[in-house]
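Chain B: place on chain A using the hints.
There are 2 protein chains.
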Amino acid sequence: MLPQGTWPAAVAWPRTREEVQSVLKEASARAIPVYPISCGKNWGYGDACASLDGCLILDLSRMNRIIEVNTDLAYAVVEPGVTQGQLVEYLRENQCPLMVDANGAGPDASLIGNILERGFGHSRYGDRFSHCCNLEVVLADGTLLNTGFGAYPQARAQHIYKHGIGPSLDGLFTQSSLGVVTRLTFWLMPKAERSSFFFVALNDAQAIGPFMDRLRPLFLSGTLRSTFHCFNDRRLLCGDTTFPWDRADGKQALEVQHPEVLQQLCKQFKIPAWGGSGSLTGTALEVRAASQAIRRAIHGLAGLDRLIFLDESSLRWLERGVKIVSVIPQFRSLTQYLKKIRMGVEVLKGTPLRGPLKGASWRSRAAVLDELDPLENKAGLIWVSPVLPMTAQGLADVLIPSEKTMHRFGFEFQVTVSCLNERAVCAVMSICFDRQSKDERDRAEACYQQLLGDLTKNGFIPYRSSSIFPTVLWEASPDYWQAVERLKAAWDPAQILSPNHYIRTSPLTK
Amino acid sequence: MLPQGTWPAAVAWPRTREEVQSVLKEASARAIPVYPISCGKNWGYGDACASLDGCLILDLSRMNRIIEVNTDLAYAVVEPGVTQGQLVEYLRENQCPLMVDANGAGPDASLIGNILERGFGHSRYGDRFSHCCNLEVVLADGTLLNTGFGAYPQARAQHIYKHGIGPSLDGLFTQSSLGVVTRLTFWLMPKAERSSFFFVALNDAQAIGPFMDRLRPLFLSGTLRSTFHCFNDRRLLCGDTTFPWDRADGKQALEVQHPEVLQQLCKQFKIPAWGGSGSLTGTALEVRAASQAIRRAIHGLAGLDRLIFLDESSLRWLERGVKIVSVIPQFRSLTQYLKKIRMGVEVLKGTPLRGPLKGASWRSRAAVLDELDPLENKAGLIWVSPVLPMTAQGLADVLIPSEKTMHRFGFEFQVTVSCLNERAVCAVMSICFDRQSKDERDRAEACYQQLLGDLTKNGFIPYRSSSIFPTVLWEASPDYWQAVERLKAAWDPAQILSPNHYIRTSPLTK
Chain A
0 MLPQGTWPAA
10 VAWPRTREEV
20 QSVLKEASAR
30 AIPVYPISCG
40 KNWGYGDACA
50 SLDGCLILDL
60 SRMNRIIEVN
70 TDLAYAVVEP
80 GVTQGQLVEY
90 LRENQCPLMV
100 DANGAGPDAS
110 LIGNILERGF
120 GHSRYGDRFS
130 HCCNLEVVLA
140 DGTLLNTGFG
150 AYPQARAQHI
160 YKHGIGPSLD
170 GLFTQSSLGV
180 VTRLTFWLMP
190 KAERSSFFFV
200 ALNDAQAIGP
210 FMDRLRPLFL
220 SGTLRSTFHC
230 FNDRRLLCGD
240 TTFPWDRADG
250 KQALEVQHPE
260 VLQQLCKQFK
270 IPAWGGSGSL
280 TGTALEVRAA
290 SQAIRRAIHG
300 LAGLDRLIFL
310 DESSLRWLER
320 GVKIVSVIPQ
330 FRSLTQYLKK
340 IRMGVEVLKG
350 TPLRGPLKGA
360 SWRSRAAVLD
370 ELDPLENKAG
380 LIWVSPVLPM
390 TAQGLADVLI
400 PSEKTMHRFG
410 FEFQVTVSCL
420 NERAVCAVMS
430 ICFDRQSKDE
440 RDRAEACYQQ
450 LLGDLTKNGF
460 IPYRSSSIFP
470 TVLWEASPDY
480 WQAVERLKAA
490 WDPAQILSPN
500 HYIRTSPLTK
Chain B
0 MLPQGTWPAA
10 VAWPRTREEV
20 QSVLKEASAR
30 AIPVYPISCG
40 KNWGYGDACA
50 SLDGCLILDL
60 SRMNRIIEVN
70 TDLAYAVVEP
80 GVTQGQLVEY
90 LRENQCPLMV
100 DANGAGPDAS
110 LIGNILERGF
120 GHSRYGDRFS
130 HCCNLEVVLA
140 DGTLLNTGFG
150 AYPQARAQHI
160 YKHGIGPSLD
170 GLFTQSSLGV
180 VTRLTFWLMP
190 KAERSSFFFV
200 ALNDAQAIGP
210 FMDRLRPLFL
220 SGTLRSTFHC
230 FNDRRLLCGD
240 TTFPWDRADG
250 KQALEVQHPE
260 VLQQLCKQFK
270 IPAWGGSGSL
280 TGTALEVRAA
290 SQAIRRAIHG
300 LAGLDRLIFL
310 DESSLRWLER
320 GVKIVSVIPQ
330 FRSLTQYLKK
340 IRMGVEVLKG
350 TPLRGPLKGA
360 SWRSRAAVLD
370 ELDPLENKAG
380 LIWVSPVLPM
390 TAQGLADVLI
400 PSEKTMHRFG
410 FEFQVTVSCL
420 NERAVCAVMS
430 ICFDRQSKDE
440 RDRAEACYQQ
450 LLGDLTKNGF
460 IPYRSSSIFP
470 TVLWEASPDY
480 WQAVERLKAA
490 WDPAQILSPN
500 HYIRTSPLTK
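Residue numbers (numbering that gives the first Met the number 0), protein chains in the order written: chain A, 0 to 509; chain B, 0 to 509.
Be aware that one or more of the hints could be misleading.
Which copy is meant is left open, so a pair is good if it fits within one copy or across any two.
[Claimed, not checked] Below 25 angstroms or equal to it, Euclidean Cα-Cα: the simulated SDA-like pairs (lysine to any residue) are:
| hint | residue 1 | residue 2 |
| --- | --- | --- |
| 1 | 190 | 291 |
| 2 | 269 | 256 |
| 3 | 456 | 135 |
| 4 | 437 | 301 |
| 5 | 456 | 153 |
| 6 | 190 | 391 |
| 7 | 348 | 221 |
| 8 | 190 | 208 |
| 9 | 190 | 209 |
| 10 | 190 | 300 |
| 11 | 456 | 143 |
| 12 | 339 | 321 |
To be clear, the hints were calculated from the coordinates, so they are not data collected in a lab.
Note that this is a predicted model, so its numbers are computed, not measured.
Only chain A is shown next, with the shape it has when bound in the complex:
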């Protein structure tokens, strides 16, 4: 996945929390570095590889029990091996009227793994870390710690409240190496009386900034509550096809070397400059009220091509209609187009699909198969994901220089702009490369370092790091990291847990 991988010393597959405790106790006593993974599907940021060579990989994928699902209070208690696909399937089989927040990492990605990296999804509960609680954690020496009200085994509110009494510790176990989470409670959403999905198309690349200025008041007022994602043309394109190796050599970005090819591909796949998707839920009248507020807010925006609201029944109706007219050749492309809409709707509805993963394989020269994961497709992908204010100015300050940098290293500028909360967006830029080409690997690594360095200098810090933590981020904030290292020393004095995973440790291996 990343330009370089690392070699493990060994792999352990515990099945229970007690086994995790024994492994860590032993590892602490012998100073063996341990790198826990949930399912190893940290696409865009890593895979099953540790940050350093020579670690014992603690693969938690066999701890995959769904311990409890509570329909009245809408939560699930899960282990680290539970994938988003597995939980969705479980709810379906048990006819449980609850919905899971889904994201594009595919059905085989661990829920806990994603939460602990503070990943996000597409629904009202898209900020996943804010919608979980009650972590069961094994510390480096094998000590057990339950956070929140889980600290009191009898506590009746342990699954439904974010904190306990005393300091709130959950945040410590995200983006860190301070403990191994072996269970948590994940909040779910009741299926809504009415769900509406809306799709926005902008026909001008510059319109994204002013568009965000229009969206922000809708988030601040509470009209918009689901994570909203906007994809630029090249980001959308990689969902439909792969790099046209027959028409370009990939030494330069396609839009620089052969803008006409990009243009032709976008036309072929009906791809706008930007496409965005979000959802609204509630009663019929609530959904209508929110749709009206969105229409009003976006009305007259320069560069607005389309704003479409769809619900499940209107989409089904369209699908049936298109099936009929697609016997006429001119309408055949509509089928493809509607398939994309359906894929978007399914993710918004909480169905984690394999489709969105395909984009990772944009620059792969291998035969890319939808059912394979990015590693099997020989895909190379690094995400650089700075956080910025949801303003036109913020977007201009990030997107314009970043595009130039990516072109300098010969990569297409693929970016998703995701609304993380009411005020902030994350610009997730994909450096897609052919993992089989040394030249592309080297350029990808250099591009990554340059982008990240420039963004950090300009005040745009990523919300999340690849599994190889960028030294520049440690060096730019020594006081903060030193304070964190003091906590690390308190709980993991032998520094065995996830060396260099966010928290810097002395290099244990060369």
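Quick look at chain B alone, frame taken from chain A:
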């Protein structure tokens, strides 16, 4: 405020973060216990007193600068001495169209002080800790730590995103003694296009459980987003009057000794078995849609007396009408009634009033004045505030035995049920006592210990503690507190900061 106070060794009033750093550096070197307070208005849980005698009180009330208010991104950067009243006043003076979450602690209560105890308010941002970020913290040895993206001084997202990169530390500084917060960013709400306030009256004490079962789906679906509070009759009554010392002796609960007096007072002040208040914001159509969903959900509930929706204009119209008819003696009580509605509306609108503090003085024998604070009114009050599921069963399991316990110790059962999130409520039970009476102080202390012990045993742990932390809560979860003590040792090895404030330290003084 509490049955016992403590004596300070000295008081320091720093004006700057640098002064806080010097004090702590010196205190760490000399092992002097330091107890920081923001404004000392921790009503129901404490005042300006430390948990132990002999501390240096670090009074931060003079650090009261509003450093920045950003209207576009809706946030304020404040110091610990900034009160909720001060921020509201600042916004009003600067005609800034933003709204602050207000609560019943009065205009002089510190925002940061309340957030760090994880207090809550009455609006969409009622969960205050979830709506702040970017803490500036001085550790025990004087080291400075900035959390979130604030760790990078140049970070453009430092005021608008909850986390930074790496572990999320903010939770560590709530309900703890791990650092002194000298600044943070507090998120505000744009004034809504339309605000509606709704009031519910139940005429049956048993109806609260089934009522919560009806509300829960509205929270889970996202229709209700503001903190909703329900007050029982005795809790409502203390807003209107004080204990009828002329008709009862207070040795027993009024409802036990003289139920007819309680009944007569409730009739006089038009007080229902339960009264609740909440708000809706959005466009006119959004507010209408949400009102409709609420009406539908509550329709036909046994024990429902009234459900009223009001907006500012309809309330003003009523006020004018009542002013006119109140010349007729029979209608005079309407004025009083409408005054209460107005007070409720003002708090929901984000105006922190002195009125709600009056309830603390229920058992005070002193002449109670509205403009004085509870300490000056000689009020005694301890809150016991367990968290429980938002279900009829949860409420029955907490309220029925707790009422019996309070009666056993001779106190009226006053309780507020507050919806903390979509799944959990907090039952805040007030032990109101006359602080001038040794008998009442002793009974209050004994009642507190009994209630808290029983609730803890039965799985109902409080969300927050009084400034004298209950030993039973440490003893019921030794593993959790030991893990926390290891963090304490890392950042405050001399254990100078807030001894025994949530985190147990060796007793420093006797």
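Now for the hints, and whether the structure bears them out:
In the homo-oligomer, the alpha carbons of residue 190 and residue 291 lie at most 25 angstroms apart both inside one protomer (22 angstroms) and across protomers (19 angstroms), since each shortest distance falls under that limit. Only within a single protomer do residue 269 and residue 256 lie at most 25 angstroms apart by alpha-carbon distance; the minimum there is 21 angstroms, versus 79 angstroms between protomers. Taking CA atoms no more than 25 angstroms apart as the test, residue 456 paired with residue 135 passes between copies only; the shortest distance there is 21 angstroms, against 37 angstroms inside one copy. Proximity of residue 437 to residue 301 under the C-alpha cut-off of 25 angstroms is found in neither arrangement, the shortest distances being 43 angstroms within a copy and 73 angstroms between copies.
Taking the shortest Cα distances, residue 456 and residue 153 sit within 25 angstroms of each other only across copies (7 angstroms), while inside one copy they are farther apart (49 angstroms). For the homomeric pair residue 190 and residue 391, the shortest alpha-carbon distance between copies (22 angstroms) is at most 25 angstroms, but the shortest distance inside one copy (34 angstroms) is not. For the homomeric pair residue 348 and residue 221, the shortest alpha-carbon distances inside one copy (20 angstroms) and between copies (16 angstroms) are both at most 25 angstroms. Taking CA atoms no more than 25 angstroms apart as the test, residue 190 paired with residue 208 passes between copies only; the shortest distance there is 24 angstroms, against 33 angstroms inside one copy.
Proximity of residue 190 and residue 209 under a CA criterion of 25 angstroms is satisfied inter-copy only: 22 angstroms between copies versus 33 angstroms inside one chain copy. Taking identical chains as interchangeable, the C-alpha atoms of residue 190 and residue 300 lie at most 25 angstroms apart only when they sit on different chains, with a minimum of 24 angstroms there against 33 angstroms within one chain. For the identical chains of this complex, residue 456 and residue 143 are inter-copy neighbours only, at 21 angstroms across copies versus 40 angstroms inside a copy, given an alpha-carbon limit of 25 angstroms. In this assembly of identical chains, the alpha carbons of residue 339 and residue 321 lie at most 25 angstroms apart only when taken from the same copy (13 angstroms versus 60 angstroms across copies).
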